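Residue numbers (this note's numbering), protein chains in the order written: chain A, 11 to 449; chain B, 45 to 315; chain C, 4 to 300.
Calculated from the structure, these hints are not laboratory results.
Derived BS3-like pairs: lysine-lysine, alpha-carbon spacing no greater than 25 Å straight-line:
#, chain 1, residue 1, chain 2, residue 2
1, C, K70, A, K446
2, B, K303, C, K104
3, B, K206, C, K295
4, C, K56, A, K446
5, A, K446, C, K39
6, C, K295, B, K202
7, C, K295, B, K138
8, B, K139, C, K295
9, C, K61, A, K446
10, A, K394, A, K153
11, A, K248, C, K56
None of these values were measured; they are calculated from a predicted model.
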Amino acid sequence: MKKILCLLLALVMVMGMFAACGDTDETPATNAPVSDETKAADDATEAQVGSNSDVVLTFMTNVVGEKATALEAAIRDFEAETGYTVEFSAPGDSYEELMKTKMASNELPDVFTTHGWSVARYSEYLMPVNDMDFASRISDQIKPVITDAEGNMYVLPIDIDIAGMVYNVDVLESCGINVDDLTTWEAFADACAVIEAAGIDPMHIGGKDTWTIGQFFDWVAPSFYVTDEANSKAADLKAGTFDTAVWTELCQMLYDWTEAGYFNTDVLTADYSSDIEALATGTTAFCFYGNYAISDAMVVNADANLGMMPIPSNSADDEPTLIAGEDIAIGIWKDTAYSAEAQELLEYLARPEVCAKIAEAAGNAAGLTDVTVDLGVIQTYLDKYNTVETFAYFDREYLPSGMWDVMCSTGAEILALNSGSVEDAASVMEQSFMDKYVG
Amino acid sequence: MKKKTQWWRLPIAILICVVFLSPLYILVSVAFRSPADLSSYWSLPSEFHIENFVSAISEGKILKSIANSAIITVGSVLILVVAGSLAAYPLARKKTRFNAGVNSFILGIMMVPPLSILVSLYSVLVDLKGINSYWGLILTLVTFELPLAIFLYTNFIKSLPKALDEAAAIDGCGPIRTFFQIILPQLMPVTASVVILTGVHCWNDYQFSLYIMQNSNLRTVPLAIASYFSQTTSNVNAAAAAALLAILPPVLAFLFLQKYFIKGMVDSAIK
Amino acid sequence: MKKNSLQNRLRQSQMNLFYIPALVLFSVFVIYPFIKGIFISTTNWNGYSQNYKSVGIKNYLRLFTDKNVRTALINTLIYGFGSTLIQNALGLALALFLNEKFRGRSVLRAIIYMPVMIAPLIMGYIMYFLFSYNRGALNDIVMLFGGEAVDWMANGPRAVMLMTLVNALQFVGISMVIYLAGLQNIPAMYYEAAALDGVKPFAQFRYITLPLLHPAVTSAVTVNLIGGLKLYDIISALTSGGPGYASHSLSTLVHRTYFGAENAGYASAIGLFTFLLIMVISSIVTRILAAKEVEVS
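Make a model of the complete structure from these sequences and hints.
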């Protein structure tokens, strides 16, 4: 009898659940459902501020670590000031996958960060920001990167990502290498030979994380395809032609370097954190990351002596370059139920003192003209190279969406020194480019 | 004679301990180690670095995620027991073609990698407003664990004598009454193993929770651990501490309820 | 007679009501998404855009020439059958060992079963501490004996073997318990009689234990096979399917194709192919096991 009672109870519970989902149906369609538990937890703050308490914005971001902490702190201050509730979520690695499922079902967060894809991937879901107050203050350096063909911008760029090769200053000094001489890949490879002979891994890639391999191509490909004005393939790429021979050449370089032992032994199985550890402790010289790697390495070893240099060119006739891109860029879902409140949040984050704090955590210059950021050691390098020409991230600008993964996986085959991997990589790249290219 | 047969057990026992305990030992060793301590994971940490646990609890929100996992696991298991035993009864009792079809269909579902239908499943949940809700995840987990529950219940009910049902039928009981009054009370042992097996799966689920529980307040244990591992690039030790805290509830539950665990399995697996 | 059959039919139809909760759940969360998946598999959808076009059966044709699919298929079979083989052989051996009465056997049983409680994802992270090249616990031992550090997961086939082993050892507790149960169901008098007739222990095992364990084999094989064929969390924590595509299972490949390569149409085709394949394998295996079971009883 007791058991039957238990079962009945369970059945009642099930009924209750179905009833509960009936209830949520009555809330506005665009408002993401919130469980009672979270609501209850927020009751305390809600009680004080009256009607604003009904506003619940969802905020999702790809950023992690120090950046996420700074962003969340700013958002908590915004909550305190306005009485709105902002559900902050930073899912880390799985962010892109989540966003893809959300786009697929047309159910996006009210406010989210676009990790370099505000135009190419997210613009059809975002509200243009051209008429918002902060738009006039967006720095000219970042404007072209976040503007689409019609001249619309979709995000608030908190900072600008200026990236070159990050390196360990002490390692290069001990090997007698002057970074200013490393203007071509040839000179760079010679330097690697010296470093390798000294028993240090010239370059470190944590290939288990796969995106770390894609970084290599993003760093190297511009110098093969677009930075040399005389031989630029930029127009071809945009028109849907992929020069496979050049890609083969680039892959061959990676293969040769791997064979020569210029990468760490565990290049296929190490991860990003081991890259950072190697950089911080001086067991490697170069990494293919933005300035965040410097900030991260400083956490591991506060005494690490780290620097940033422009990316070498592929020919003596060309100059080294830097990569410029979106970093933390925040947009509003065009179908949000809280358009006005979301704009308020963006304006709040655009305030000089708020924006500066987040940009500082990112180790980048701000994306707004009237904001100065204290960048410490990174600033000296940004100043040193402020005349160097910048190019966009290769895959975001010149390749169709979805090619990143192809670069990562074909790169791994090369790092494994599989026979035929160079030719395979080039033909797979070409094939995927043709499949994914949308005119 | 007795003594002679004993000695060879010792090396085997030691080998078993080494193989099955060393992963746990490594986890404990990493979790208590200071990030600055670079000695081998096999050696004892030079000091017990409790800060790892402090940051795991404060940054990783491990305790909140344990509570979420508990709600989800209990909810799922309750529904699983009801829906699973109900569906198993006709399956075990009737030998029709239709039932044979249902049976292989259920086995099939048990083997489907859930990812193959993930996105369409996700949009169904969006339409039902089930994203970021306990019930959304619970019903999804129940669906994909249900075949296992049905499988176990069917096997068990088959072993119950049919005479029970027949006697009930002669007394004028309909199948519904027969099930609730005659069959259900017999199902306790197998229910224990259904609860154990599916409960562990629900507690440990990663794939579904990842897509359904996006709000960080609703994170389950594996989600909290995964995001902690991907976020704290520079502090593996705190991540290990978080992982250690996360496996404690099921492991402790197992150690305390061991007797029932193994007995439940023994009583039900074979019949 | 007539009345009886009418009553019978009534009973039957009433019993069908019992399926309703399960059927509702399956329809909403499996069948409907599955049908939608068939539709997606005939498109070139990238997984998120509102624009896509139909490509007919192109995705299915591609499936049969794609060497990554072939690798993943072989790996999936290794994960599935390899784990099943190890879990059953070892599970039975452990059960035989721990079925005898001696001090500490319940402690050993608990130790063997405990890893089952740990989330496979977390087990994957723990194994990373063991298998990594730098500071990996396994390499510490190798070097202690004067060997050279090995980059365990850098070689695809080796990574597949190691992960099969990890999965098998983590879940061997389940098979062990199932076999313990089976052993305890065998009446002791069979052995006593055999011993009286002078039957050797090995022959006892071969002619009494094994045949009577058959139901246990069925349960254990089914449970293990399902776990192995669906292997996902450990792969994603340990190698993410790498190096390259060398250690992907079909599940992780679907995920990668869907979200990484942004090829949702093709991923759906792989997913459906996986579904059919596993259905066929499972029905063959269950049929073989069921046939043997009848012979025994």
